[in-house]
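> Could you build all of it, start to finish, from the sequences and the hints given here?
The primary structure of each chain is shown beneath.
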Amino acid sequence: MQTKMQAESRLLNWGSAAALLLLFAVSLSVGVADFSWRNLFAMPDEWQLLLTSRLPRTFAIVLTGASMAVAGMILQILMKNRFIEPSMVGATQSASLGLLLMALLFPAATLMVKMSVAAAAALAGMLVFMLLIRRLPPTAQLMVPLVGIIFGSIIESAAVFVAYETETLQLLSVWHLGDFSGVLLGRYELLWLAGLLALAAYLIADRLTILGLGETVSINLGLNRQTILWAGLVIVALITSLVVVTVGSIPFIGLVVPNIVSRLVGDKLRQSLPAVALLGAVLVLSCDIIGRLIRYPFEIPVATVFGVLGTVLFLALLMKRSGHAV
Amino acid sequence: MIHIENVSHHIGKQTILNNIRLEIPAGGITALIGPNGAGKSTLLSLMARLQPLTHGSIRYNGRDLAATPTAEMARKLAILTQEGSVQSRISVRDLLMFGRFPYHQGRPQALDREIVAAALHEFGLEPLAERYLTELSGGQRQRAMIAMVFCQQTDYVLLDEPLNNLDMYYAKSLMQLLQRLTHEHKRTTVVVLHDINQAAAYADHIIAMQHGQVAFAGTPDEVFTEANIKTLFNMDAAVIDYAGKKLVVHHV
Amino acid sequence: MPSEKRNLLLAALLLAAASALFMTLNARGMWDFVLPLRAAKLLAILLVAYAIGVSTLLFQTLTHNPILTPSLLGFDTLYVFLQTLLVLVLGGIGYVQLNPAWKFSGEMLVMLGGSMLLFQVLLRQGGRDLARMILIGVIFGIFFRSITGLLQRLMDPEAFAVAQAFSYASFNSFNRQLLWPALLVVLASMPLLWRERHRLDVHLLGRDQAVNLGIAYQRHTLWLLAWVAVLVATATALVGPFGYPVSFFGLLVCALANHFAGTLRHNVRLPMVFLVAALLLVGGQTLFEHVLGMQAVLSVVVEFAGGLVFLYLILRKKQT
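Residue numbers (the working numbering), protein chains in the order written: chain A, 1 to 326; chain B, 1 to 252; chain C, 1 to 320.
A couple of the hints might just be wrong.
[What the hints assert, rightly or not] Taking beta-carbon pairs under 8 Å as the criterion, some of the chain C residues facing chain B (in silico):
1. 19
2. 21
3. 23
4. 32
5. 204
6. 206
7. 212
Note that these hints are calculated values from the structure, not bench results.
From the three backbone atoms N, C-alpha and C, an ideal C-beta is built for every residue, glycine too.
The following block contains the structure:
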């Protein structure tokens with residue numbers, strides 16, 4: 001017995017999956033180097049290109065889009081606010097700052113160590129943010145993203161200050177502007193971890209939904225709120241730092257994708273999470289392809305393209321609500 | 001005299017005022033009464049050019065409101081709305097001095113200072129003269145705002161529910177003050193009042209509105225009858241005489 | 001009254017001292033070379049200080065709000081976007097080679113139209129909800145920045161990531177060609193805005209009372225908003241957009257100026273906001289460049305401080 005919601009949800013899932021497959025194929029075909037599907041079986045070089053560059057890049061994009069979208073969704077549930085995502089709670093900026101400090105103070109540390117520090121920094125940033133917004137009344141929904149953006153920009157100023165003084169601005173800008181053009185086999189594998197974490201979110205999806213229903217309901221249904229809260233935050237921090245360290249920051253994915261999916265099929269996480277992941281992947285992949293094609297053979301970073309798309313969608317979401325009480 | 005002819009006002013599809021035709025007599029207090037949503041505040045704001053007039057005309061002593069420059073109108077008519085003062089780190093004295101702005105345009109003269117001093121005295125605000133508006137109670141702030149309007153020294157004074165926030169003592173003393181000042185300086189005061197007994201006691205002329213139209217107009221004796229009260233407010237209320245004025249017993 | 005005049009005098013003296021230091025510190029005797037260079041830079045700083053300080057103060061008076069600033073609502077990035085759009089529309093090379101003064105005037109005109117439109121949209125969308133209006137403004141600001149970045153890359157794909165990623169205003173590399181047009185704009189604005197000082201005070205009483213006291217409210221507001229747009233454009237054209245994603249410099253100097261002015265009157269606050277902004281920039285630049293030996297980092301520090309002030313103002317308000 002399928003309800004209308006479930007049917008729509010299924011449609012969205014399959015639709016997104018189909019779009020994703022299509023875009024996947026397109027992504028493999030697009031690029032500066034000469035590549036043609038026909039030659040794939042004739043010339044070994046084509047396989048090389050596919051395996052070392054095109055395939056890793058496409059996987060990286062899909063994983064990034066999916067996990068960032070899921071991270072945004074988790075945050076929105078945890079903080080009970082529709083208009084936030086990792087770059088709007090200080091997580092992304094704290095991770096960059098953490099990476100910068102590690103690069104300056106312990107340049108010899110392994111990637112895993114640096115990444116863990118970044119994740120810890122992201123977590124710390126989010127905790128400070130949550131302390132800050134405790135001062136806001138619960139009805140001030142739109143204050144939270146505002147405070148978040150400002151909070152993020154303050155942390156970023158601190159990072160830029162350090163970068164200016166230590167002449168590492170170039171390094172910082174790599175983490176700041178998300179870009180897939182440098183993705184090669186052997187340089188993106190961490191993103192699979194991000195994908196796994198998004199999957200982990202799927203496993204605790206029901207508990208996250210209950211958490212989002214409020215304190216009373218959670219306690220009533222026997223949920224260990226603190227554990228789930230921490231689990232969610234840690235997942236978000238890890239995903240954020242994994243993405244930042246590998247490809248850089250791509251703001252607004254985590255914001256707009258969950259909101260679009262929510263408009264279409266509602267808030268039941270277990271149902272909508274696959275759609276969120278799929279749609280996130282589809283959108284980021286589209287933007288990256290556009291970035292590769294629009295000024296061929298030059299590449300425009302995905303963060304630049306998505307910056308435009310993301311803000312337009314965000315504005316549409318904000319302005320459409322003029323009829324509702326916030 | 002204020003001539004209001006064929007004034008209508010719409011917000012979207014809603015009609016707020018429907019073809020109002022009124023003559024408000026010069027001199028004395030005219031009270032605007034009526035149930036919520038009757039359009040009283042809207043009419044007042046149109047009369048004070050706070051909102052642009054889209055249908056009809058309003059004339060003060062023959063002068064068309066729409067055709068008179070706003071700076072000139074500021075010396076002929078003054079209004080106090082229910083919108084609270086925004087930036088309140090202003091002292092009471094400074095606030096009253098703002099009431100003289102249409103005349104001094106930023107450079108107060110001796111005459112302006114005299115008028116402000118007189119107003120402070122008249123409204124019992126002397127002990128509060130140097131205090132900031134934020135430090136005052138709602139009632140004190142209201143008195144200060146009214147004193148400011150008084151400083152503007154205009155022939156026509158429009159007040160939108162000036163007795164809100166005032167306790168009984170100050171409400172009564174304000175109405176008495178208004179009455180005295182209106183008659184002493186031969187002004188025309190139009191007040192929107194919620195309390196119809198205040199209207200009955202102090203107004204020379206009553207205009208009762210309902211559903212965006214004028215329901216009744218006349219002296220308090222003419223307007224305040226049990227039948228009219230029933231029509232206006234859908235209530236059975238006794239109307240008795242007390243101390244030479246009508247008294248509407250509406251609360252029991 | 002005397003204490004307010006005293007504060008102004010003090011600020012002016014401090015500024016004179018800071019300017020002297022700015023011009024002379026660390027010159028190592030190479031006066032012929034250093035003085036004209038620094039004089040130009042000092043002029044640019046003073047012009048920007050005036051433009052941003054005054055435009056923010058005017059904006060706050062018009063909107064009756066000490067938290068709003070033109071930068072917060074995306075006006076400065078709007079200008080950069082319009083600049084880039086003009087280049088795109090009027091065709092790259094030809095337009096770029098036009099006389100900078102003509103270019104400036106053209107951009108100014110477009111900015112006037114564009115900013116009025118933005119303001120209308122924000123008012124309509126924001127309505128009574130301040131947080132909503134600010135948030136929409138901030139996102140518009142980010143949108144303008146993003147699409148400018150995209151357009152720039154379309155025009156010149158080899159533009160470096162660093163320049164795009166953090167375009168903090170730089171006083172070291174300001175647009176010299178616009179120094180005289182900017183000066184003209186600022187000088188023209190002075191008598192016109194000074195004349196408004198009493199009418200600006202009346203705005204403090206709110207819309208209804210401003211109309212009551214004879215201010216032609218709609219017209220007056222538009223006139224002042226036009227100046228806000230022109231001044232924002234001037235500052236942005238001269239040194240580029242401050243801060244990322246929004247600039248808090250205007251907010252910071254207005255908050256400080258309000259504190260030190262001790263009154264809400266504009267005949268004190270207008271000069272004070274200029275003096276505070278100029279002092280912050282000149283003094284700060286002298287400190288960082290000549291004393292501490294740090295690079296072009298002043299704007300970063302200013303944005304950091306301003307952001308903190310902004311957070312303090314919003315979070316404090318909500319408690320009460």
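> State for each hint whether it applies.
Cross-check of the supplied hints:
Taken as an interface hint, residue 19 (chain C) does not check out: its beta carbon lies about 31 Å from the nearest beta carbon of chain B, beyond 8 Å. A distance limit of 8 Å between C-beta atoms decides the matter here; for residue 21 (chain C) the minimum to chain B is near 35 Å, and the interface restraint is violated. Violation of the interface hint for residue 23 (chain C) is found here, the shortest Cβ-Cβ separation to chain B being roughly 37 Å, above the 8 Å cut-off. The beta carbon of residue 32 (chain C) is not positioned within 8 Å of any beta carbon in chain B (closest approach about 48 Å), and the interface hint is therefore violated.
Given the 8 Å rule on beta carbons, the hint for residue 204 (chain C) holds: about 4 Å separates it from the nearest Cβ of chain B. Taking 8 Å as the C-beta cut-off, the interface hint given for residue 206 (chain C) holds, the closest approach to chain B being about 4 Å. Residue-level restraint check for residue 212 (chain C) holds (minimum Cβ-Cβ distance to chain B is 5 Å; threshold 8 Å).
The structure is inconsistent with the numbered hints 1, 2, 3 and 4, although it conforms to all the rest.
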